[in-house]
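Undergrad: This is what each chain is made of:
Number of protein chains: 2
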Amino acid sequence: MKNPVMILNKPQMGENIGAAARAMLNFGLTAMRIVCPRDGWPNPRAIDMAAGAFDQIPPPQIYTSLAEALSDLHVVYATTARPRDMIKPVFTPRTAAQDMLAHQNAGINIGLVFGSERAGLNNDEIALCHNIITAALNPDFSSLNLGQAVLLLSYEYHSAANQALPELGEHTRAPTADHKTMEEFLQRLEMILDEKGFFRTPELRPTASRNIRNLLMRSQPSDQEVRTLHGIVTALSDNKKSH
Amino acid sequence: MKNPVMILNKPQMGENIGAAARAMLNFGLTAMRIVCPRDGWPNPRAIDMAAGAFDQIPPPQIYTSLAEALSDLHVVYATTARPRDMIKPVFTPRTAAQDMLAHQNAGINIGLVFGSERAGLNNDEIALCHNIITAALNPDFSSLNLGQAVLLLSYEYHSAANQALPELGEHTRAPTADHKTMEEFLQRLEMILDEKGFFRTPELRPTASRNIRNLLMRSQPSDQEVRTLHGIVTALSDNKKSH
Chain C
0 MKNPVMILNK PQMGENIGAA ARAMLNFGLT AMRIVCPRDG WPNPRAIDMA
50 AGAFDQIPPP QIYTSLAEAL SDLHVVYATT ARPRDMIKPV FTPRTAAQDM
100 LAHQNAGINI GLVFGSERAG LNNDEIALCH NIITAALNPD FSSLNLGQAV
150 LLLSYEYHSA ANQALPELGE HTRAPTADHK TMEEFLQRLE MILDEKGFFR
200 TPELRPTASR NIRNLLMRSQ PSDQEVRTLH GIVTALSDNK KSH
Chain G
0 MKNPVMILNK PQMGENIGAA ARAMLNFGLT AMRIVCPRDG WPNPRAIDMA
50 AGAFDQIPPP QIYTSLAEAL SDLHVVYATT ARPRDMIKPV FTPRTAAQDM
100 LAHQNAGINI GLVFGSERAG LNNDEIALCH NIITAALNPD FSSLNLGQAV
150 LLLSYEYHSA ANQALPELGE HTRAPTADHK TMEEFLQRLE MILDEKGFFR
200 TPELRPTASR NIRNLLMRSQ PSDQEVRTLH GIVTALSDNK KSH
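Taken in order, these protein sequences are the chains called C and G.
Each residue of the first sequence is one higher than the one before, starting from 0 at the first, in numbering that gives the first Met the number 0.
Each residue of the second sequence is one higher than the one before, starting from 0 at the first, in numbering that gives the first Met the number 0.
Treat the hints with care, since some could be wrong.
As the list claims (entries may be wrong) - Selected chain C positions facing chain G (Cβ under 8 angstroms, derived; list incomplete):
1. L24
2. S141
3. T227
Hints listed in this document are in silico derivations from the structure and should not be mistaken for laboratory results.
Just so you know, these numbers come straight off a predicted model, no measurement behind them.
Beta carbons: idealized from backbone N, C-alpha and C, even for Gly.
Produce the complete structure using the sequences and hints provided.
TA: This is the structure in structure tokens:
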């Protein structure tokens with residue numbers, strides 16, 4: 000399945016082109032096209048800002064008109080700061096990602112168009128596209144820059160494309176100790192607390208010991224951690240080295 | 000409902016602090032804290048890069064240590080480029096947003112910690128946090144910058160907050176104690192363990208104390224539970240009633 004093509008239309012600052020490349024490659028996107036870059040191409044500021052991304056993607060293709068840059072694409076999405084009075088489907092970044100994947104599964108080449116920093120896309124440019132993508136932003140401060148817009152769309156595409164993959168679980172740690180191991184620790188702790196007079200009255204004991212159990216079991220200690228807990232209890236209750 | 004607090008730990012470039020503020024405010028987030036900004040504060044480059052965001056949010060609070068910046072927060076998420084071998088729950092930006100909202104619905108103050116551009120967060124800094132957030136990136140190019148990381152998390156929080164509120168589920172228990180309360184307990188425990196000779200060698204001490212911290216913070220104890228832990232330590236280390 001081909002990557003969606005990211006098309007920067009009349010970008011002004013090289014830094015933003017570099018930030019866009021960096022954003023794309025973080026999410027595995029590698030196809031960039033640039034229409035009429037204000038400061039020409041290649042642009043050293045773009046290279047600086049890309050953190051090496053341009054070494055790992057095909058060279059961006061440069062065009063002199065948006066229509067030309069879109070000529071081999073089948074379905075194109077215009078990104079805009081707010082929905083326009085144009086009669087096109089409007090997607091959020093997330094719903095657009097689903098739509099993009101559905102089209103790609105049908106073997107279709109898709110592209111996303113990003114406007115210039117100052118003015119975004121004008122109505123003629125949007126008219127070249129099939130769909131509009133608008134992110135819901137703070138109505139009092141809607142100011143995503145070019146690199147940030149490319150980042151969000153790349154992220155949503157990547158998330159949708161990898162959805163079948165398992166989520167990162169909570170399993171970077173050692174497995175939880177078995178019940179018997181934890182039980183032995185809790186019983187030892189309770190016995191020593193009893194000897195030390197922790198449980199003020201016999202009536203309070205069941206509740207207090209349940210609270211301790213809840214607290215410690217909630218963290219699902221591993222075997223190594225249960226050994227650490229044993230070590231703490233041993234050290235704390237050792238009179239020989241006391242202060 | 001309070002905004003999550005975004006904590007920039009030892010940021011280097013003012014530009015990135017400005018990009019972070021701009022990213023936050025686009026998604027309605029306004030609470031920024033900065034720990035030891037390399038170039039001091041205020042920083043003209045940050046102001047330039049923020050596109051006016053600093054005029055619309057409260058002034059960032061400046062701290063000299065991460066622990067101090069977290070002291071009034073209850074549940075804290077560390078953002079890392081890849082999951083570490085640390086024993087904490089690992090979230091994606093999207094699953095973290097759900098978890099954040101569930102905590103906030105329970106009246107809890109939450110924070111997200113972002114590391115410095117060069118090195119991210121070290122293990123001691125991550126140990127101060129309850130959870131880890133890692134975005135799935137291109138394994139051959141994992142290079143989100145600070146502003147981009149803040150953007151993704153702000154975006155996911157905003158997207159989740161504007162959907163139906165998640166049910167509380169497992170969070171029907173008392174709220175997590177704030178960071179300062181837990182910190183006082185951990186420091187007391189460590190001091191007594193030190194006196195009792197728990198740490199065999201000075202070299203082992205940082206790792207051992209990080210392991211204890213990870214284990215206890217993972218269960219996100221409530222105020223009452225921290226008092227129980229204090230009571231256990233007092234009882235265990237009391238010589239008078241020993242066997």
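Undergrad: Hint by hint, where does the structure go against what was stated? Just the numbers, ascending.
TA: No numbers; nothing is violated.
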